[in-house]
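For the protein sequence lines, the chains are W and U, in the order given. The numbering of the first sequence is full-length UniProt numbering, which starts it at 1 and goes up by one. The numbering of the second sequence is full-length UniProt numbering, which starts it at 1 and goes up by one.
Keep in mind the hints are simulated off the structure, nothing from the lab. A portion of the hints provided could be inaccurate.
Said to hold, decoys possible - Distance condition first, Cα-Cα at most 30 Å in a straight line; then the derived DSSO-like pairs of lysine-lysine:
| no. | chain 1 | residue 1 | chain 2 | residue 2 |
| --- | --- | --- | --- | --- |
| 1 | U | Lys167 | U | Lys153 |
| 2 | U | Lys167 | U | Lys364 |
| 3 | W | Lys105 | U | Lys4 |
| 4 | U | Lys322 | U | Lys206 |
| 5 | U | Lys134 | U | Lys86 |
| 6 | U | Lys153 | W | Lys5 |
| 7 | U | Lys206 | W | Lys5 |
| 8 | U | Lys4 | W | Lys174 |
| 9 | U | Lys112 | U | Lys153 |
| 10 | W | Lys7 | U | Lys309 |
| 11 | W | Lys105 | W | Lys7 |
| 12 | U | Lys364 | W | Lys66 |
| 13 | U | Lys311 | W | Lys7 |
| 14 | W | Lys7 | U | Lys206 |
| 15 | U | Lys40 | U | Lys105 |
| 16 | U | Lys322 | U | Lys309 |
| 17 | U | Lys112 | U | Lys164 |
| 18 | U | Lys4 | W | Lys186 |
| 19 | U | Lys309 | U | Lys173 |
| 20 | W | Lys174 | W | Lys186 |
| 21 | U | Lys112 | U | Lys46 |
| 22 | U | Lys126 | W | Lys5 |
| 23 | U | Lys153 | U | Lys126 |
| 24 | U | Lys167 | U | Lys40 |
| 25 | U | Lys311 | U | Lys206 |
| 26 | U | Lys322 | W | Lys105 |
As the list claims (entries may be wrong) - Now the stretches of chain U that chain W is said to cover, found in silico as 3 or more residues with beta-carbon under 8 Å:
| no. | segment |
| --- | --- |
| 27 | 23-34 |
| 28 | 184-192 |
| 29 | 214-223 |
| 30 | 272-284 |
| 31 | 333-341 |
None of these values were measured; they are calculated from a predicted model. Glycine included, every Cβ here is placed at the ideal spot set by N, Cα and C.
The lines below spell out each chain.
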Amino acid sequence: MKNNKRKFLFAFGIVVIGYLFIMVFPFIWIFITSFKTSGEIFGTGAFNVIPENPTLKNYVTILFEKGILRAILNSLIVATSTTIYVIIVASLCAYAISRFHFRGKSILLGLVLAVSMFPQMIITGPIYNLFYDLDWLNSYFVILPYSTITLPMAVWILVTHFNQIPLALEESAKIDGASRVQTLTKIVFPLAAPGVFTTAIITFIAAWNEFLLTITLNTESNFHTVPVAISFLRDQFSILWGEVAAATTIVTIPTLIIVLFFQRQIVSGLTSGGVKE
Amino acid sequence: MRQKLGFSGWLYLLPTLILIGIFSLWPVVQSITYTLFDYKLNDQQKAGLYLQERFNTDLFQETVLYIDLFLSEDLTNITDSKDKEKVETVLQNLNRVASSYTDDKGIIEISKEERLEINQLYENTKALIEHLTKNYSLTHTDSLPLLVEDIEKSMIPSNFIGLKAYKEALGDKRIHIALGNTFLFTFVSVAIELILGLGLALILNKAIVGQGLVRTTSLIPWAIPTAVAALMWCYLYDGTSGIVAHFFENLGLISQSQNLLLSQGGAMVSTILADVWKTTPYMALLLLAGLQNIPSTLYEAASIDGSSKFKSFFTVTLPLLKSSILVALLFRTLDAFRVFDLIFVLTGGGPGGATETLSIYAYKTMFGQTNFGYGSVVVMIMFVCVAIIAMIFVRLLGKNLLDRN
Chain W
1 MKNNKRKFLF AFGIVVIGYL FIMVFPFIWI FITSFKTSGE IFGTGAFNVI PENPTLKNYV
61 TILFEKGILR AILNSLIVAT STTIYVIIVA SLCAYAISRF HFRGKSILLG LVLAVSMFPQ
121 MIITGPIYNL FYDLDWLNSY FVILPYSTIT LPMAVWILVT HFNQIPLALE ESAKIDGASR
181 VQTLTKIVFP LAAPGVFTTA IITFIAAWNE FLLTITLNTE SNFHTVPVAI SFLRDQFSIL
241 WGEVAAATTI VTIPTLIIVL FFQRQIVSGL TSGGVKE
Chain U
1 MRQKLGFSGW LYLLPTLILI GIFSLWPVVQ SITYTLFDYK LNDQQKAGLY LQERFNTDLF
61 QETVLYIDLF LSEDLTNITD SKDKEKVETV LQNLNRVASS YTDDKGIIEI SKEERLEINQ
121 LYENTKALIE HLTKNYSLTH TDSLPLLVED IEKSMIPSNF IGLKAYKEAL GDKRIHIALG
181 NTFLFTFVSV AIELILGLGL ALILNKAIVG QGLVRTTSLI PWAIPTAVAA LMWCYLYDGT
241 SGIVAHFFEN LGLISQSQNL LLSQGGAMVS TILADVWKTT PYMALLLLAG LQNIPSTLYE
301 AASIDGSSKF KSFFTVTLPL LKSSILVALL FRTLDAFRVF DLIFVLTGGG PGGATETLSI
361 YAYKTMFGQT NFGYGSVVVM IMFVCVAIIA MIFVRLLGKN LLDRN
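Construct the entire structure; sequences and hints are all you get.
This is the structure:
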């Protein structure tokens, strides 16, 4: 029995370590490459684990010449503002769905679910024309159509979270003489805060990663977000892998920070969208 | 008791309804409309949705002016008095119609009757000029026939084509290939992700140590932008400097590391592998959450009843995990079917269209060739497929999905 358990632990260890290695390896390799010179990457030193002549040149080029900082700033602006307005709008909607009876509720929920399944490509053409007519191309207005991707998801996760807050709490507050506003600020908001925060993180990541709308609506590099700016490093004739690696390393840092600090919220957000609790 | 939503309560829903209405539903209706038109942004005659016949008055006026000028000059060369009379009537007619449009500028919409009148005019003028150039030697014998054609060009037909584009799409080989690629990519990558994800979730569920570390690590590939992941893999697969390509070559999986992204099969395999790398962790996390909801007492009961671990997997785990698996599959299948960023950055649909999916084809048609009409048809095909896939899953899930809320 003991022997069996050992064997299991051993096998388990190998599988987990192998898995971790595969997940992390691309990042490590990119990190190593970012310190290599072009000569080394394209020469015989391409597969060296330790760079021969470590250099920071790739980082200097990417940061000061290729304007990756501008892209990071754009991404921050776009993702933050999307998160703020989507959370406000979705909270109102989810609260109503969770707390009130009304006709067409299941139609609304079905609609929200259906919109989250739309292929994004279906809205890009008409939105492009709309933005062209309004002279909104190459602007931060791109955050408005971001609602197609983020809003249904946010509503869905928030409804699950609001449903977990017992209605009785609000009722007893009402009996104790609390006004509508007081009930909301003193009871609902504090209890809903973790769920709202979870949703905000997921929305932020979704907005940060958005690609199609930005590449079609904001063609000027001044308005490129991180994913789009990164994809443009893939020059048609030559790809400077050193620079690509440096850029990838830099733009992975914000994501890494979010994941490290908020992993609990992310997992709870992901699973409340999909799995029964 | 839940309260009824009063009139003011609808204000809670209003912002959501407005946003979804403007940025999700209206564009869908609009896209469907696009499919019915031969709508090309870079073609002046087709850069809009025109149900009506239209008429380029500027071109028409100019043309009439020149025809009048040239024919009057050539009148001396025409000897037959009957022909002379004919020329004068045609000129009169031309000028009469032209003068009726003097107040209009640019391109205007015209009715069917007006279109017929102008067309009649065109036919008459054309016949006359053919007759004249045949029988007389005119000074403007070369330019007159060309000028007449401008009358026809000034009439712009409606670009409404109904369902013609769909018919064209049915016979479009590129769509067949893209559809095949999309299904292949979706089916293979989701199947691999499900198997690996389920295995991983089962292992992690048993783990006492290391769950936190694995969870953190799993979230990173999911959280980074797909475009960034795609570019990273583009480097790893690269023919000269890519370590994964090099590794595959050493394993003997491919004969030459250059072949990975440049051969048709290799490109598809590479794309699927990159997708599996990015989304298996997500699948595993979803399934792990489902597994953790299964009470351990059930397994104990099963083992007391003499069920082996292997058997309890099929009798306890799988049935109770069914809805988790289906939900995870639904979202992953739809995501894979809509795949864009990954392929756009990694292969761009190449080589030779081997990894071109419907979304890539639609993007190229709409924003590469600015053919919004046909591009929308491709999108619509994708839309229908997505709807069918979603309906199949929702039916399998039963009422589970909506009931929870």
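Hints, one by one, checked against the model:
1. Lys167/U / Lys153/U: Holds. Lys167/U to Lys153/U sits at ~27 Å (cutoff 30 Å).
2. Lys167/U / Lys364/U: 20 Å, holds
3. Lys105/W / Lys4/U: Between Lys105/W and Lys4/U the Cα gap is close to 11 Å, so the pair holds against 30 Å.
4. Lys322/U / Lys206/U: 19 Å, holds
5. Lys134/U / Lys86/U: 15 Å, holds
6. Lys153/U / Lys5/W: Distance ~85 Å between Lys153/U and Lys5/W Cα, so the pair is violated.
7. Lys206/U / Lys5/W: 12 Å, holds
8. Lys4/U / Lys174/W: 16 Å, holds
9. Lys112/U / Lys153/U: 16 Å, holds
10. Lys7/W / Lys309/U: Status holds; Cα separation ~16 Å.
11. Lys105/W / Lys7/W: 54 Å, violated
12. Lys364/U / Lys66/W: 26 Å, holds
13. Lys311/U / Lys7/W: The given pair, whose Cα atoms are some 21 Å apart, holds under the 30 Å limit.
14. Lys7/W / Lys206/U: OK: Lys7/W and Lys206/U at ~14 Å, within 30 Å.
15. Lys40/U / Lys105/U: 23 Å, holds
16. Lys322/U / Lys309/U: 18 Å, holds
17. Lys112/U / Lys164/U: OK: Lys112/U and Lys164/U at ~22 Å, within 30 Å.
18. Lys4/U / Lys186/W: 22 Å, holds
19. Lys309/U / Lys173/U: Violated, because 50 Å separates the two Cα atoms, which is more than 30 Å.
20. Lys174/W / Lys186/W: 11 Å, holds
21. Lys112/U / Lys46/U: Given pair Lys112/U, Lys46/U holds - Cα atoms ~19 Å apart, limit 30 Å.
22. Lys126/U / Lys5/W: Violated, at about 96 Å.
23. Lys153/U / Lys126/U: Within the cut-off at roughly 13 Å; holds.
24. Lys167/U / Lys40/U: Roughly 18 Å separates the two Cα atoms, so the pair holds.
25. Lys311/U / Lys206/U: 17 Å, holds
26. Lys322/U / Lys105/W: Given pair Lys322/U, Lys105/W holds - Cα atoms ~27 Å apart, limit 30 Å.
27. 23-34: holds (count 9)
28. 184-192: violated (count 0)
29. 214-223: holds (count 9)
30. 272-284: holds (count 3)
31. 333-341: holds (count 5)
Of the numbered hints listed earlier, those contradicted by the structure are 6, 11, 19, 22, 28.
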